[in-house]
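Undergrad: Listed here are the chains, written in short residue letters.
4 protein chains.
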Amino acid sequence: MEKIIVSRENDIPFNKHWKKCIGTGRLGLALQKEYVDHLERLQQDIAFDYIRGHGLFHEDIGIYKEIDVDGTLTPFYNFTYIDRIFDTFLQNNLRPFVELGFMPKKLASGTQTIFYWEGNVTPPADEKKWEELIYHTVAHFVERYGIEEVLQWPFEVWNEPNLTNFWENADKQAYFQLYKITAKTIKSIHPDLNVGGPAICGGTDEWITDFLHFCHKEQVPVDFISRHAYTSMPPKKKTPDYYYQDLADPNDMLTQLTSVKKLIHDTPYPELPFHITEYNTSYSPTNPIHDTNYNAAYLGKILSHAGDIVSSFSYWTFSDVFEEFDIPRAPFHGGFGLMALHAIRKPTYHLFSFFNKLGDTCLYKDDTMIVTKHRDNTISIVAWNLIHDKGDNHDKTITLSIPFSSDDVFLYREMTNEHHANPWRVWQQMGRPRFPSKDQITLLKSCDAPFIQTDRLRTENKLLTYQLTMAKNEVTLLHFSDIIDETHTYIGLDDSLLTSY
Amino acid sequence: MEKIIVSRENDIPFNKHWKKCIGTGRLGLALQKEYVDHLERLQQDIAFDYIRGHGLFHEDIGIYKEIDVDGTLTPFYNFTYIDRIFDTFLQNNLRPFVELGFMPKKLASGTQTIFYWEGNVTPPADEKKWEELIYHTVAHFVERYGIEEVLQWPFEVWNEPNLTNFWENADKQAYFQLYKITAKTIKSIHPDLNVGGPAICGGTDEWITDFLHFCHKEQVPVDFISRHAYTSMPPKKKTPDYYYQDLADPNDMLTQLTSVKKLIHDTPYPELPFHITEYNTSYSPTNPIHDTNYNAAYLGKILSHAGDIVSSFSYWTFSDVFEEFDIPRAPFHGGFGLMALHAIRKPTYHLFSFFNKLGDTCLYKDDTMIVTKHRDNTISIVAWNLIHDKGDNHDKTITLSIPFSSDDVFLYREMTNEHHANPWRVWQQMGRPRFPSKDQITLLKSCDAPFIQTDRLRTENKLLTYQLTMAKNEVTLLHFSDIIDETHTYIGLDDSLLTSY
Amino acid sequence: MEKIIVSRENDIPFNKHWKKCIGTGRLGLALQKEYVDHLERLQQDIAFDYIRGHGLFHEDIGIYKEIDVDGTLTPFYNFTYIDRIFDTFLQNNLRPFVELGFMPKKLASGTQTIFYWEGNVTPPADEKKWEELIYHTVAHFVERYGIEEVLQWPFEVWNEPNLTNFWENADKQAYFQLYKITAKTIKSIHPDLNVGGPAICGGTDEWITDFLHFCHKEQVPVDFISRHAYTSMPPKKKTPDYYYQDLADPNDMLTQLTSVKKLIHDTPYPELPFHITEYNTSYSPTNPIHDTNYNAAYLGKILSHAGDIVSSFSYWTFSDVFEEFDIPRAPFHGGFGLMALHAIRKPTYHLFSFFNKLGDTCLYKDDTMIVTKHRDNTISIVAWNLIHDKGDNHDKTITLSIPFSSDDVFLYREMTNEHHANPWRVWQQMGRPRFPSKDQITLLKSCDAPFIQTDRLRTENKLLTYQLTMAKNEVTLLHFSDIIDETHTYIGLDDSLLTSY
Amino acid sequence: MEKIIVSRENDIPFNKHWKKCIGTGRLGLALQKEYVDHLERLQQDIAFDYIRGHGLFHEDIGIYKEIDVDGTLTPFYNFTYIDRIFDTFLQNNLRPFVELGFMPKKLASGTQTIFYWEGNVTPPADEKKWEELIYHTVAHFVERYGIEEVLQWPFEVWNEPNLTNFWENADKQAYFQLYKITAKTIKSIHPDLNVGGPAICGGTDEWITDFLHFCHKEQVPVDFISRHAYTSMPPKKKTPDYYYQDLADPNDMLTQLTSVKKLIHDTPYPELPFHITEYNTSYSPTNPIHDTNYNAAYLGKILSHAGDIVSSFSYWTFSDVFEEFDIPRAPFHGGFGLMALHAIRKPTYHLFSFFNKLGDTCLYKDDTMIVTKHRDNTISIVAWNLIHDKGDNHDKTITLSIPFSSDDVFLYREMTNEHHANPWRVWQQMGRPRFPSKDQITLLKSCDAPFIQTDRLRTENKLLTYQLTMAKNEVTLLHFSDIIDETHTYIGLDDSLLTSY
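Residue numbers (numbering that gives the first Met the number 0), protein chains in the order written: chain A, 0 to 500; chain B, 0 to 500; chain C, 0 to 500; chain D, 0 to 500.
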């Protein structure tokens, strides 16, 4: 049996980069009440710093319009909806990580679109008009929110231009040109505004090197590098409703990040901030893996280690209020969200909220847990038991040895595993109702809370020995704290006089 | 092993008398924010019909006052606070079950008081002024709330006059006289207003016979009989903080009620409604039994059966916002409440909320469970495993056999037992903090939710066989419902393609 | 000066048909948070019974889909969003008045669309598939909400098929055919479900006669007639942002309704319920008239009288969360809404909320006011001073004479006119900010409350004489109530001892 | 006519001492829901920093208790309620300004009490037990809230010991002794905790000199001086319900403060912070003046000027949830509160909320107004028209001349005067209902909002000339801001095409 001896003196690097940013379905969805309800819950429990999503220039927000004025088509910029959306983000203590794209239909040079919601992925028909769109949009943000605020918003140019379905022909030079005019326009508003790219997905990381050399050669401003990271393999099966894939090992993601980090280091911008503006296990919004405890346990290693490599990494996405594939066809459908429809928290939600309850100092971390200390000396641990195999008998036990100053220690534990806090499984037991009734929704919501255990433990020679047993794909949070016992202040207390006790 | 075969054809009597009324600490406490917070939660979850408490005429509400007007003391009736209190009740869908008492200091003939809050328990110094107080008070209720509303409020004269600490000398004739003038005054406002008594505790039930004969002989109006019922024995030990008692068998309470019911039947008012305006296990507000799972399991038989005998029975009380003994000295202190301070739900709270989720038709009930059916054919059961003995090994297993129309049945189960939904135990593990910090309160609150299990069960020949195992002092709620399986509508679904599943 | 003598004995017909139904922007907008915020406010203040809007089958709700299953396109019905929308309505005590349309793109026989949001207005390419769509949709409603609920929902087939922009070629026979198959499909689910049409706008009222004769001849079920009514003239000027029209006299609308009522009467269905499923002054969503006090004053006569003719009349619409012309380009833009963006109440909102405070018995009504009595004898009046002319000097004074039983009467008055509760005017004074800052929004919201006046009036011989003066385009609410004076109960009260008073 | 020329270059001293602290009824009332509702509203609108009230050691909070343990009376400290109260304050962003008193009954040397709620005003029977009480109480605060927090709480010893009704015999030496042992005990917990006195009312200001010399001589720690200030004359008439007094000139208060400031200056502690821990017009909680506009207008000079003299001045009190004289006998009863019962805002509430909307820079102040500038160059003014005479014709007009950079200026004005935002007057018109019905309460609440006016004003040569006319006892808030006119961006806009406009 594994044994871990925790020293209170260690101080292992651990930062909060895991909560710097969170992904969202296209921005237009932020007008929805259900979206806002999910977001409020998320921010109460986890409190991310930034939010990033597609669709800033999409027709459902409608920023760009051309109006016929006496026979001349005149650009008109409508900020009614984007103001409402950004107000919502800021009210929830989230700053926008602004992705500039896709192409407004009226500005597009072609008709290629992506997603159910048909984002146009072609270059601008008129670069001047694109520049004006960027200028008016960013200038409006500055006017409405103040320059001090907007200086804290990163502006990322486009999304995954190295894929043909996100950028016509995945034309690298066309992207660099778009980046150049966009970055220069933004800097013309204020030289300290942050702009970056190339927002690629993995696979053709030479784009990053080329991009930075392009910037260097052409003296194009660049404040950060962004890239995406998924660990899913090619699909085993695609069906009208589902997309099945296996995953690489969690360490594969860390390897990806390290390798890109190294690429950056070998350019003229060796210290440039590096943001993973999207990551997840599978890149498919219909892979049921996202709804599982396996997904939560899988990400434990990544949440605890990726921040050592990158400046931020943004889980794609916080909610299944999302429409890339289609309007959701069932409450559970393999969506990216930390929350399913009706704000039902999935196991991965708990992974994040457990991490949010860790202490400020890290004492230990490995492939299966992270151990931290709070200022009041409470020890807080998140541990996970990732099991790739099918079947049930996969409990794992680890012995923890932790020094304490008191004789007795109070244990508070929360957990999600295949049998607890697993609403996806409950929904299956119910017969997978597509459009559940209100009672069914209430029932599912009641099944999404972590299972709680408490105990009073005895130390020996000021050392606590605790056998931590985790069920299959469990993610568990443990708080061990010193007990200040006041029992003696209850005069005449005698529990033995109580019937049954 | 016990085996219960449930027939869907049975129709055993079961009514909602258990939720007709709930007890409260003295009415003046209803001004408190904490009180109102508890009340709102209670009514959301359980929704009682009436609420009854002491202290209508106490100084903290201050209805009765005498003002010096040019040298003459003139009665002044101040309804500022009682209006606020009754508004609060009605907003929460509770009607007052009005207890008329105790004696305003200015009207009292003596100085004897009861409780930490010093309710005066002596007869009026001036019967005329008492009549005027009753008249003005009830007339004000009618004016403010409308006669149609107030016709639904029972008016109960005094509280436990058969005890010397509640009524000077427990003077029966003095009580009958008080009752007579009070009842006549109320009826002078409207003949259909409801008035009753004698609100005695057990022990001297001949009061009831005498009272009804008195009313008959003197032609005094009487619309209901009220009495209290507790099942605790004489104290084993009293300490400054606690009061320890054993309890009689739960059936003892049913025996008490039946015997009084028979007494009433043998009077000139054989069919008079009979209300238990207070009941609980122990009558002491510092008996830790109230905080336990034992208390919850103990009351299962009573909640399921007492309504067969009486018109209502009112658990004493809904909340530990209560001050008869003292201001609460710790979050758990043996108070009567269904909720501890900070709105922490005790196990008995769950017993009530579980009962509230039963179906309309009762199919079966015995000493350990009640089985009901909903209109949609869901079977809902509340079961309990009352264990008087100390120690841990007291699981109980019962085999249930229930007919279903579908092959698969969905089970949803909630439970509270010594290890789950038992915040009193968590508080002990923490070292019984008297004035817990905000974090400790949050933690305790997080431990008060029922433990939830779900399952998908298979019937055999349309008969479900379920082994119900309950831990010590467990109270459990079970819903068994037919499954409408939609799994086949997910095109291409193949769970086996999912890693780990 | 006009003088009105109110008798308390009169009983003029007045019903609540004015609040039976309210119009809304396309149903998909009901997913928006801003929409729901407006709706909640509306229902708190006015409490309509039904809500009707376009777009049930539009792509943003996505009910109809065809999925490729092994090479075959198979219909799939997605109720995820419509369930959320109808849940929202019902939670706000609104039932859907279901408009069946427009045509899902996948089912359409042509490509003609209407509105910024591109509703397809062509007949079904396949009648069988339309029938199945209707069947599955209505059957789903019955399953989810229960037949007792859905029996109260009217189903209206299509919208304004007599206009070429709403129904390809305004083809009457094609509409009758659509109606026939739709009505029969609905009745196949339950014969008591309500179905009707033809939902025409004015102009070609012979459709109604033809429609009913068609139903009669072909034995097609029909439960109600629906039609729309606007009083605006042809446009004087259309600009990219605005649409200017004059209005006919308010009585023109009553004339329209009476004439259609007569048409119905002369068919085989003389007593068929007749619903005005849309009405307003102008039919343009960019006519600034909708933002004005003139609009409110104009509608006073209609709200007070139209219910004498029709079963319901539904103001088009409750909110400027609306996109027929475009995404709103400024907080005030001439939209139909009772509320502008940011839930700013327009003057017409107050007209409706004032009507909602009238008593149950109508004592008097004319072109300029309606006088009602509450059960407690309070007299409540809504009056309006509609002025077509420009300029400021248009006060109107009317003398009211009302009998009271007390000597003193308390007057409470709320009003909106050009100078009070007129946020449109404040917005103009501010320089018409398109995308107002949060402070500007707060300021505008603070200016939307009715101006309140109170007074204590003296009757003479139990007759109150009150000079009611209204400013230009004022709408005013007056409550006159008897005073129960308690001043004498304050012992020693002497206001003259108070400095300054 | 008065003319005021505002220069944008001036910078007159103006600080926020007026909102440093607010008074409250005894702390035990903070358990009430109505109290908390008022407090939340107050803090949303005005946001005071500290709150001060009597009754920390009163029996309704019950901190001090003596328990019989095996025959020995043992002190027990119960912090259940005070924790709840201070949690409430801190949640509402208020820190306690802790007044240490009065004497717990069990500790008292005598039986003299003050107020309806009977605060004991005698010295401790046992100084040691008082010290222990102080020690345990303050140490508990430190433990629960942290030393960093509690270091910001001033501790003030007792209340108005120079009055015989607040301190037995107004015994100065006894007070000094109490102060000494209290201050030393507090400093023993942490030397930086703040302690002060003597909390006297006016009349015998030599106490302050004597107190400081005593501290100096005996080396008793003292961190601040506190005193109270009222401007009312001896009563003209006292009745069972009311107390009538005239007031001195508002400048009288400033004179009082200056004179005490000078006294302090002439002691060994010349720079000691000086807090007015209570002030108001009348010191009687039944003087109707508190409900009037006169009271609001009277305090304008004091709010704008007293902060130049003292470190804080604390209006006595924020709410009529208050019981010194009695339980409130009517919604308006002359209570100190900024808010009447039911959270009805009185005119003085608006004075404070208007002050809260002033800019950071003061440009001008005099007897009748204060003129400030915001960072965005908006000019904000609070002005008042205090009229001592009876009768109605007391309008006052002042001409303001203010430079602006734009041609057009937007004016937003809020006001309260005898005819607007005067719920006391409405209540009189209604016949002074003592226990108003819910409808009457709703009506009164609807009458407590400031009356709003807006306008668009034209400058001449960049100078705005504005005639400010105020009605009797009006308090008015004015914001003048530059207009950024976007009217020209509405293409084709032509208001003249709109009927009626």
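Check each hint, because a few of them may be wrong.
Pairs involving identical chains hold if they fit within one copy or between any two copies, as the list cannot separate such chains.
[Stated by the list, open to error] Calculated lysine-lysine pairs in the DSS-like style (CA-CA distance at most 30 Å, straight line):
no., residue 1, residue 2
1, Lys64, Lys237
2, Lys104, Lys32
3, Lys105, Lys389
4, Lys444, Lys32
5, Lys32, Lys395
6, Lys216, Lys171
Keep in mind that the hints were calculated from the coordinates and are not lab data.
Since we're looking at a predicted model, the values are computed, not measured.
Undergrad: Work down the list of hints and note, for each, if the structure agrees.
TA: Hints, one by one, checked against the model:
Within a single copy, Lys64 and Lys237 get their C-alpha atoms only as close as 38 Å, which misses the 30 Å cut-off; across copies the closest is 19 Å, which meets it. In this assembly of identical chains, the alpha carbons of Lys104 and Lys32 lie at most 30 Å apart whether taken from the same copy (27 Å) or from different copies (26 Å). Proximity of Lys105 and Lys389 under a CA criterion of 30 Å is satisfied in neither setting, with 51 Å inside one chain copy and 41 Å between copies. In this assembly of identical chains, Lys444 and Lys32 lie within 30 Å of each other by CA distance both inside one copy and across copies; the values are 18 Å within and 21 Å between.
Within a single copy, Lys32 and Lys395 get their C-alpha atoms no closer than 42 Å, and across copies no closer than 45 Å, so neither meets the 30 Å cut-off. Taking the shortest alpha-carbon separations for Lys216 and Lys171, only the intra-copy value of 16 Å comes in at or below 30 Å, while the best inter-copy value is 68 Å.
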